[in-house]
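Novice: These protein sequence lines are chains C and B, in that order.
Those letters in the first sequence? Residues 1 to 290, per our numbering, in order.
Those letters in the second sequence? Residues 1 to 117, per our numbering, in order.
Derived by calculation from the structure, the hints in this document are not laboratory data.
Note that CB positions come from ideal geometry on N, CA and C, so glycine has one too.
Just so you know, not all the hints are guaranteed correct.
What the hints assert, rightly or not - Partial chain C-side listing against chain B, Cβ under 7 Å, derived: (1) T88; (2) D91; (3) A92; (4) A124; (5) G128; (6) D199.
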Amino acid sequence: MQHADRRDFLKLAGLAGVTFTAGLFPGWPPAAQAATDFHFVQFSDTHWGYKGPANPDAEHTLEKAVATVNGLGRQPDFIVFTGDLTHTTEDAKERRARMKRFREIVSALAVKDVRFMPGEHDAALDKGEAYQEFFGATHYTFDHKGVHFIVLDNVSDPAARLGDEQLAWLAADLKQRKADDRIVVLTHRPLFDLQPQWDWTTADGAKAIDLLMPYGNVVVLYGHIHQENHHMTGHIAHHAAKSLIFPLPAPGSQPKRTPLPYDAAMPGLGTRDITMADKVTLVELPVTKG
Amino acid sequence: MRRRVLVALLAGSALGGAACLRAAEQPAEIHISARKFEYRPNKVTARLGQPVVLVLTSQDRIHGFKMPDFGLRADIVPGQETRISLTPDKAGSFTFFCDVFCGDGHEDMEGTLVVEA
Numbered sequence: 001m002q003h004a005d006r007r008d009f010l011k012l013a014g015l016a017g018v019t020f021t022a023g024l025f026p027g028w029p030p031a032a033q034a035a036t037d038f039h040f041v042q043f044s045d046t047h048w049g050y051k052g053p054a055n056p057d058a059e060h061t062l063e064k065a066v067a068t069v070n071g072l073g074r075q076p077d078f079i080v081f082t083g084d085l086t087h088t089t090e091d092a093k094e095r096r097a098r099m100k101r102f103r104e105i106v107s108a109l110a111v112k113d114v115r116f117m118p119g120e121h122d123a124a125l126d127k128g129e130a131y132q133e134f135f136g137a138t139h140y141t142f143d144h145k146g147v148h149f150i151v152l153d154n155v156s157d158p159a160a161r162l163g164d165e166q167l168a169w170l171a172a173d174l175k176q177r178k179a180d181d182r183i184v185v186l187t188h189r190p191l192f193d194l195q196p197q198w199d200w201t202t203a204d205g206a207k208a209i210d211l212l213m214p215y216g217n218v219v220v221l222y223g224h225i226h227q228e229n230h231h232m233t234g235h236i237a238h239h240a241a242k243s244l245i246f247p248l249p250a251p252g253s254q255p256k257r258t259p260l261p262y263d264a265a266m267p268g269l270g271t272r273d274i275t276m277a278d279k280v281t282l283v284e285l286p287v288t289k290g
Numbered sequence: 001m002r003r004r005v006l007v008a009l010l011a012g013s014a015l016g017g018a019a020c021l022r023a024a025e026q027p028a029e030i031h032i033s034a035r036k037f038e039y040r041p042n043k044v045t046a047r048l049g050q051p052v053v054l055v056l057t058s059q060d061r062i063h064g065f066k067m068p069d070f071g072l073r074a075d076i077v078p079g080q081e082t083r084i085s086l087t088p089d090k091a092g093s094f095t096f097f098c099d100v101f102c103g104d105g106h107e108d109m110e111g112t113l114v115v116e117a
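With the hints as extra help, turn the sequences into a complete structure.
Specialist: Structure below.
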């Protein structure tokens, strides 16, 4: 980690807490991208099916977020969900019922190009079986206006490993990229050791980062920790998104990773609009009371 | 900093090879049982510089045991004993937790090792 870079990022994040801008594609000349600017929206950790005091409004929060995004003046090109679509249950029938209802709710999104990936709540108890029935592959790639997106699955293995097979798949995909290609990695858990004492890691995430390191324009977007977080591993930026169920405490800020007390204004919840240009701009979209 | 903690994962019967050691030289065993979503006991004690063996068992399914402060992790598989040797080189309270997702309550499955000076 480069501490100077990290301080700059934190300073930027502190300016507003709403908009975050950084030169995340340092090797990408502005003149080359003017015609390909676009934006997309990230949802994360919706935990459909959760019931508890951390969010008494849990049955409605996702619908409110869908309405918020549908109300954007300029609709995103596509939408990504970075895992924990549903809250875990050991009842396989109930797991599928939650996924079915989740899919119904998000079908109200005006934008129909929607990309999903699992969190451990969706996939760890059955190694992704139900998830794949509803949402397809757990790791894959897609391209949009010159940006290569790589979706990594670090949750279907309950021990939070990408695994050698997926790492080999990642290596093979990266071999097809040029060193200055723009690459966005989407995943659920942090690939780096954010807070090992709270298990906010990926067991073999360092291997993925090593594979990505030769590429000059890489951004990682993830969820899992239910809050904004901005971190650099060398030149690679990692950005965690807020959840839509309950916020968790800042890494290491208290003894246990228990949810923060419910606030009816839901200031810790939201989605994120991401504009891709020579800079990547993150705009936090709070959940508005419906 | 070079860690001076002696860590060894030993198969269930591997201690048999040390049978020639005198009983007084055997490290103390700390038995911990895992099940959804708790360890029993969830608070154990060791002494600074005194070797111990954590003897871990599971009553229901695979769980994990991870204690980052000492660089320890292991799977706990039902029907097997998982043995972890440890000589604590620092005093204090250190959290261990399950790192194999085991259901709704997994995030609360943790315990504390107290190392007394």
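Novice: If a hint holds in the structure, say so; if it doesn't, say that too.
Specialist: Here is what the structure says about each hint:
{"no.": "1", "hint": "T88", "verdict": "holds (5 Å)"}
{"no.": "2", "hint": "D91", "verdict": "violated (10 Å)"}
{"no.": "3", "hint": "A92", "verdict": "violated (12 Å)"}
{"no.": "4", "hint": "A124", "verdict": "holds (4 Å)"}
{"no.": "5", "hint": "G128", "verdict": "violated (12 Å)"}
{"no.": "6", "hint": "D199", "verdict": "holds (5 Å)"}
Violated hints, listed in ascending order, are 2, 3, 5; each of the other numbered hints is respected by the structure.
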